[in-house]
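**Student:** Each chain, letter by letter, is given below.
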Amino acid sequence: MRNVITIARKELNTYFQSPIAYILIAAFAAMFGYFFWSLVYFFVRASTQAQMTGRAMPMNLNELVIRNLLGNCGVLCLFMIPMLSMRLFAEEKSRGTIELLLTSPLKDWEILLGKWIGAVGMYASLLLFSSINLIFLFAYGKPDWKPLAIGYLGLLLQAAAMLALGMFISSVTQNQIVAAVMTFFLLLLLWVFEWMSNMDQNRVTEILTYISLLRHNESFIKGVLDMKDTLYYLSVSFLGLFLTARSLESVRYRG
Amino acid sequence: MIQVEGLTKRYARNVAVDHVSFSVEKGQIVGFLGPNGAGKTTTMRMLTCFMPPTEGTATIAGFDVVKQPLEVKKRIGYLPETPPVYPEMEVGEYLQFVARIKGIPEKEVLQRSQEAAARCFVKDVYNKLIGKLSKGYRQRVGLAQAIIHNPDVLILDEPTSGFDPKQIIETRDLIKSLAGDHTIVLSTHILQEVEAMCESLVIINKGKIAKSGTVEDLTRRNGAVLEVSIPNGAPEASALSAPFSSLAGVSAVHAEPSGHGLWRIDVDTTAAADMRPQLAQIVLAKGWNLHRLDSASLALHELFLSLTSPVAAVQSEQTPSEENEQ
Ligand SMILES: Nc1ncnc2c1ncn2[C@@H]1O[C@H](COP(=O)(O)OP(=O)(O)OP(=O)(O)O)[C@@H](O)[C@H]1O
Ligand SMILES: [Mg+2]
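Chain order of the listed sequences is A and B.
Heads up: the first sequence runs through residues 1 to 255, numbered per my numbering.
Heads up: the second sequence runs through residues 1001 to 1326, numbered per my numbering.
Bear in mind the hints are in silico, worked out from the structure with no lab data behind them.
Values in this document were obtained by computation on a predicted structure and should not be read as measured data.
Just so you know, even glycine gets a beta-carbon here, dropped at the ideal spot from N, CA and C.
Heads up, some of the hints might be wrong.
[Said to hold, decoys possible] Straight-line alpha carbon distances no greater than 16 Å define the calculated EDC-like cross-link-like pairs of lysine to aspartate or glutamate that follow:
hint, chain 1, residue 1, chain 2, residue 2
1, B, K1067, A, D144
2, A, K222, A, D108
3, B, K1074, A, D144
4, B, K1067, A, D108
5, A, K93, B, E1158
[Stated by the list, open to error] Rough simulated footprint, nothing fancy, chain B against chain A, three-plus residues with beta-carbon under 8 Å:
hint, segment
6, 64 to 75
7, 94 to 100
8, 104 to 112
[What the hints assert, rightly or not] Covered, in the sense of this in silico footprint (three residues per stretch, anywhere, with C-beta under 8 Å from a C-beta of chain A), are these stretches of chain B:
hint, segment
9, 1245 to 1254
10, 1259 to 1265
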C-alpha cells in the first residue's frame, strides 16, 4: 500500500509541477464559472418573472442551476480527461523512466493503481477549485446539498472510469499526443452512443446505449445514488486498469 | 552471484541476444564489451527483470529473474543507458522518491538519499531541478539512484558516458570501492575503463559471447616482441626471422619493418616460459642493435577488434540503419 501511495503522490506532484495543471484549473474554473453565472442569471430572471406574473416558480435552484451545471461538467470531461491521462505512461516510456519503475521492487498493479489514483486526485482538485463558485449559491439561496454531493460523486466516478481508459491508451504508445487524440475519440464515441437511445429499440442499440459513459451520469445529476450506475463506472474503471496491466506486460516483452 | 544460462532474446525481426551464458562471482567487477547493437543493453534488461528472456535462465543471488522478480529487484541497482530521471523533480525529491519505491523504511529515506547524493557528487545540486542539470550531472543522479538502497548487485549500462575526465576517474574509483560488497556488471565502449576497473570481461558481438574470462587470461599471449636495427645493409625479413625459428620452443616468427630503420619481430612460443634471455643473446651474437624486448601481450583493442570487426562488418551490411529504440 505504501508503494501505491508513493506513486500516487509522485503523480499528483508531477501534475502540479507542470503547467498543464494550472492551465486546466484555470480553463475549467473559467468554463465552470461561465456556465454557473449564466445559469444563475437565467434563474434570477425566471424567478423575477414568476414573481411579477404571480405564478409559482416552475423550477427550483437545484433543478435549474445545479443539474445543468453538472451536466455540462460531464461533457467538459470529454476534453479534459485526455489531457490528464495522456502523460501517465507515454511520458515514462519516452523518457525511459519506465525502466526505473519496472526494475524497482514494485508490482505492476501497484504502479498502475498509484498512477490512476494520482490522476483521479488531480481531477478531484479541479472539481474542488471550480466549486468555489457554489459558495455563492449557499450564501444567497437555499440549495439542497445532498443532491449536489451526489452529483459531484457522479462526476468523480465518471472521470475515474474515463481516466482508467485513458491510462490504458497512454500505456500503448510513447507519444503523448497520440495518446490524447486516441483517448478523445474513444470518449467521443462512447458519448455519441447515447444517441442510440433515440433509435429503434433492438439488442444492438440497447447495448450501445448501455455502454455510453455519460448516460449513467444522469441519475447522479438528478441527485439519485443509483447502485447500477455506480457499479457501471466501477467496472469500466476496473476494465481500464486490467487492460493497462496487460499492456504493461507487453511493454515488457517488446522492450 | 549471477548465473546466466543460454539467455536468449528474440524480437519480432531479429535476435538481440543469442544463447549467452556466463557467471559472476560475488564481489567481482565484470565488464561487458561489444560494438553498438551487440546486445549489451538487452542482456542487462533481462538481468534486471525489465524484460523476460525468450529462452534460457538467469539467477541473481539465487533468485530466478522470471520466477521471483520481486526478490531479484530488491537486490539490484540498475543504471539504464539513459538515466531514468524526472526533469520536473528536484534532485533530493527524486532520490527520496526512489528510496521509497526501493522499499527503504520511511525514517531512513532522507538520510539515505543524502548519503547517495554525497557519494555520487551531487550534494551541491541537491535542491536543483533535474531538468536544469547538465548531462553529466544527470548521469551522476542516475548513479546515485542505482546505489541508494545498497544493492548486492549493481548493473550499470555505460556508467561514465557524458562525464568529464575528472569525473570519470572519480566514478571509476567509486565503482571500484563499491566492489567487494557489491557485484558489479557494467557495459562500456571505453577500453581503458575495462583495464582500469574490471577483473573479468565478457566480449559480446551480434548477440553471442565472443570470448569471456579474466582480463589477464584474455590478453595473455605466449611469446615476445623485439625491435632491432641492423647496423649495415638492408636485410630481408626471412634473414631476420631465421635465427629465431630454429630455437627450441618457438612456434612462429614474424618480422616486419616498423619505420625509422627498425624491425619488429614477433616471436610466438609454445609454452608460457620466458625466452627473453635467449632471444637477447641471439640478437647480440648477430651484432644487431636491440631497441626493445618485451614479453608479448595482446592490447585490449587488438583483442576487441579481432573478435568483433569481421563479423560486425557483415552485420552492418545486412542491417544498414538499425537503431536501437527503447
Ligand atoms: N525494442 C526493440 N525492438 C526490436 N529490436 C530491438 C529492440 N531493442 C533493441 N533491439 C535490437 O537488439 C539489438 C541489440 O541491441 P542493444 O541495445 O542490446 O545493443 P547494445 O549492445 O546495448 O548497443 P549500444 O552499444 O549501442 O548501446 C540491436 O540490433 C537492436 O536493434
Ligand atoms: Mg546499449
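**Student:** State for each hint whether it applies.
**Tutor:** Tested hints:
Distance hint between K1067/B and D144/A is unfulfilled; the C-alpha atoms sit about 56 Å from each other, more than 16 Å. Only pairs whose Cα atoms come within 16 Å are accepted, and K222/A paired with D108/A is rejected, the gap being roughly 38 Å. The hinted pair formed by K1074/B and D144/A fails the criterion: a straight-line CA distance of about 53 Å is larger than 16 Å. For the given pair, K1067/B sits about 15 Å from D108/A by alpha-carbon distance, which is consistent with the 16 Å threshold.
Between the alpha carbons of K93/A and E1158/B the distance comes to roughly 20 Å, so the proposed pair goes past 16 Å and is violated. Remark: the segment 64 to 75 of chain A is not confirmed as covered by chain B, as 0 of its residues place a Cβ nearer than 8 Å to a Cβ of that chain, below the required three. Coverage of a stretch by a chain is defined here by at least three residues with a beta carbon nearer than 8 Å to that chain's beta carbons; for the segment 94 to 100 of chain A and chain B the count is 6, and the condition holds. Counting residues of the segment 104 to 112 of chain A whose CB lies closer than 8 Å to any CB of chain B gives 4, so the stated coverage by that chain holds, three being the minimum.
Coverage of the segment 1245 to 1254 of chain B by chain A is violated. Counting CB-CB distances below 8 Å, 0 residues qualify, and the rule asks for three or more. Chain A is given as covering the segment 1259 to 1265 of chain B, and this is violated because 0 residues of the stretch bring a CB closer than 8 Å to a CB of that chain, at least three being needed.
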